[in-house]
Amino acid sequence: METHQLHPDTWVDLYADYLYNYAVARVNDAEIAKDLVQETFIAGLKSAKNFKGDAAERTWLIAILKRKVIDHYRKINSKKGKAEVRMNYSAQTDAEGDWLEERIADPNSNFENDALENEELGLAIQKCIAKLPKKQAQVFTMKTIEGMETEDICNALGINASNLWVMIHRARTGLMGCLNQNWF
Amino acid sequence: MMISCEKAACICNKAQYKEASFWETISLRFHILMCKACTKHSKQNKKLTTLCNKANLVALSEEDKRKMKESLPTKN
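Residue numbers (full-length UniProt numbering), protein chains in the order written: chain S, 1 to 184; chain C, 1 to 76.
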């Protein structure tokens, strides 16, 4: 089996968005998620010498991030009593009684599955974006994820519009190929 | 009237971001009627757009990444 090596100087470019997506899905807050990603990188650097090389870099970083997410929840729940499970009985008065039975998950709901699948999809897309050449990944992210105007991207990167569309085209074609096996 | 496949692909990409003009859209439609390869490509391209929308993608801005890089002590 090939052994993996760490290249911390490429971490931010390759994995920041991937980890960020993962974190946002779990803490539901952009700022906290950003901090967790940052902490993950720092912790990764600190413990780089413990990296045994049997997992890929990304897997290893995700494992650290998972701990960070757990720590985060521990921290915000650390005040005594906060960790208790508390039921807020709903104030919706049209419910007959405030029965617990009315508040359990609906087994026929597709919502949770969809949410899980969408998160998986998001991570799959980020993985594929990370495989693109850097410039293409950058343009695609700015255009598709950040939703920036064509003109603004051109100004920011110092390219002209037709350059931009060529890069978008290559990025999209690359992504189609990369996602093809599982998602098309 | 018939546009090249390269042109069609370019318009198709613009259309994914709703930036294709009315006439561009018409000529793309017309091209797709004639060209099997572009039909397939445009279908997949649309699908990619749908997937990207569905996934609630988020990204850190370049500024954030730059700051992140700065705060990481790089040792080689």
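Hints are computed from structural coordinates only; laboratory data are not their basis.
For each residue, glycine too, the CB sits at the ideal point set by N, CA and C.
Please note: incorrect hints may appear among the correct ones.
Said to hold, decoys possible - Partial list, derived from the structure: chain C residues whose beta carbon lies under 8 Å from chain S:
{"id": "1", "residue": "M2"}
{"id": "2", "residue": "I3"}
{"id": "3", "residue": "C10"}
{"id": "4", "residue": "N13"}
{"id": "5", "residue": "A15"}
{"id": "6", "residue": "K46"}
{"id": "7", "residue": "K47"}
{"id": "8", "residue": "S61"}
{"id": "9", "residue": "S71"}
{"id": "10", "residue": "L72"}
Hint by hint, here is what the structure shows:
1. M2: 20 Å, violated
2. I3: 15 Å, violated
3. C10: 5 Å, holds
4. N13: 5 Å, holds
5. A15: 11 Å, violated
6. K46: Violated, about 11 Å.
7. K47: 6 Å, holds
8. S61: 7 Å, holds
9. S71: 7 Å, holds
10. L72: Holds, because the Cβ-Cβ distance from C:L72 to chain S comes to roughly 6 Å (cut-off 8 Å).
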